[in-house]
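**Student:** Sequence:
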Amino acid sequence: MTTLDAGTLDPCQEDSTAAPWEYVASWIIYGPLVTFWIAMGLRYRDFAIATLANPHIPTGGLCGESKSGILSQFPTSESTWVAPWQVFTTGQDSMRRAADAMERLDLSFPVVLKPDIGCKGAGVRLIRTQDRLSETLALYPDNIPVMIQHFIPYEGEAGIFYSRLPNEDIGQILSMTFKSSPFVVGNGVSTLHELILDHPRAGTVPHVYLPRLTGRLDEVPSPGEVVSLVFTGNHSKGSLFRDATHLITPALTKRIDAILRRLPDSHHGRVDLRFASVEALREGRQFQIIEVNGIDSEPIHMWASGTTLASIWRTQFRFYGRAFRIGALMRQRGFRSKGAFDMLRQWRRQSALIARYPSSD
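Heads up: the sequence shown at position 252 corresponds to 252 in the UniProt record's numbering, and the numbers run straight through without jumps.
For the record, the hints were derived by calculation from the structure and aren't laboratory data. Remember, it's a predicted structure, so these values are computed and weren't measured experimentally. Just so it is clear, CB atoms sit at the ideal spot from N, CA and C, and this is done for glycine as well. Incorrect hints may appear among the rest.
[Claimed, not checked] Label-pair distances were calculated between CB atoms; the ranges are:
| id | residue 1 | residue 2 | range |
| --- | --- | --- | --- |
| 1 | V185 | T214 | 17 to 25 angstroms |
| 2 | S108 | R261 | 28 to 36 angstroms |
| 3 | P166 | D93 | 17 to 25 angstroms |
| 4 | L344 | N187 | 50 to 58 angstroms |
| 5 | F341 | A276 | 27 to 35 angstroms |
| 6 | T214 | P110 | 16 to 24 angstroms |
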């Protein structure tokens with residue numbers, strides 16, 4: 001809880017209500033994409049050819065990939081652009097392993113703890129204390145790889161979608177989206193539960209926010225006290241997205257391209273990062289990467305306020321269509337996919353893991 005810092009969020013978006021389609025059944029959002037994927041697979045005679053857009057990432061980053069497996073491909077020279085991280089497995093000695101990792105990285109609280117394999121913000125938590133760390137690790141089954149990562153103190157967070165055809169000298173930023181958390185402001189009278197129900201956006205989809213704050217709903221925030229409703233920067237968890245594609249600059253494109261070119265044969269995906277200011281980000285400086293996602297990463301501007309269901313479908317077709325095109329070009333260079341059954345195996349494995357993770361913040 002903090003006091004209100006004016007200007008941290010676009011007021012028009014904070015005050016907007018959730019669109020009717022934002023939290024509908026996933027088949028409504030992704031059903032047309034499945035049909036599109038099948039059509040593209042028939043066209044290119046390989047249902048997994050899109051995975052070749054990033055051939056050194058399992059399934060091209062469609063599902064089942066390791067976050068650390070991607071970040072570890074960065075050479076040491078680029079490590080300053082990535083938030084320090086360490087992976088360990090859960091189990092009886094989880095706390096000792098976490099302490100060892102924090103010591104090696106010279107980290108202090110707060111830190112971010114998240115599963116090494118997952119999607120859509122599953123299991124991501126901001127850990128502020130030793131007790132919270134112990135409590136969270138105890139919720140995991142044994143032998144689950146988890147990542148502990150430096151919490152980047154920059155206020156801004158963005159998802160930047162990068163794409164480069166194999167024959168292009170420099171890649172493009174196709175989409176940039178700013179992420180933020182909805183919040184409520186205490187009045188010294190209303191409970192947190194009541195404030196959420198009165199919120200113009202959160203009140204229309206309380207099922208997204210209330211379960212995450214179980215145990216705190218009867219608290220009465222003091223006047224002016226700000227309570228953030230979500231930490232994880234994912235739409236399905238309730239974060240707010242604002243399309244910032246118009247703010248992309250040649251300097252930012254050059255910087256992102258230079259960084260991602262150091263990942264072997266990485267052509268298509270989204271970089272999630274935190275940044276000090278919009279001005280600095282546009283100049284290609286003062287940011288750190290949280291993670292790099294492959295072809296399953298969405299161009300998240302499609303979740304910005306004011307978009308339509310039809311525009312979401314068009315965006316999906318455009319971006320996944322480009323992944324298929326890149327994959328076809330990589331096939332011409334001798335790369336071969338592992339086939340649709342491997343994608344299915346990886347998806348089932350990832351789904352089974354996610355079902356065992358604790359809830360996210």
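**Student:** Does each hint hold? Answer for all of them.
**Tutor:** Hint-by-hint comparison with the structure:
V185 and T214 have their C-beta atoms about 21 angstroms apart, which keeps the hinted 17 to 25 angstroms range intact. At about 33 angstroms, the CB distance of S108 to R261 agrees with the hint of 28 to 36 angstroms. Taken as a hint, the range 17 to 25 angstroms is violated for the pair P166 and D93, whose Cβ atoms sit roughly 44 angstroms apart. Distance hint check for L344 and N187: the Cβ-Cβ separation is about 51 angstroms, which falls inside the suggested range of 50 to 58 angstroms.
Between F341 and A276 the beta carbon distance is about 45 angstroms. The supplied range of 27 to 35 angstroms is therefore violated. At roughly 21 angstroms, the beta-carbon separation of T214 and P110 lies within the given 16 to 24 angstroms, and the hint holds.
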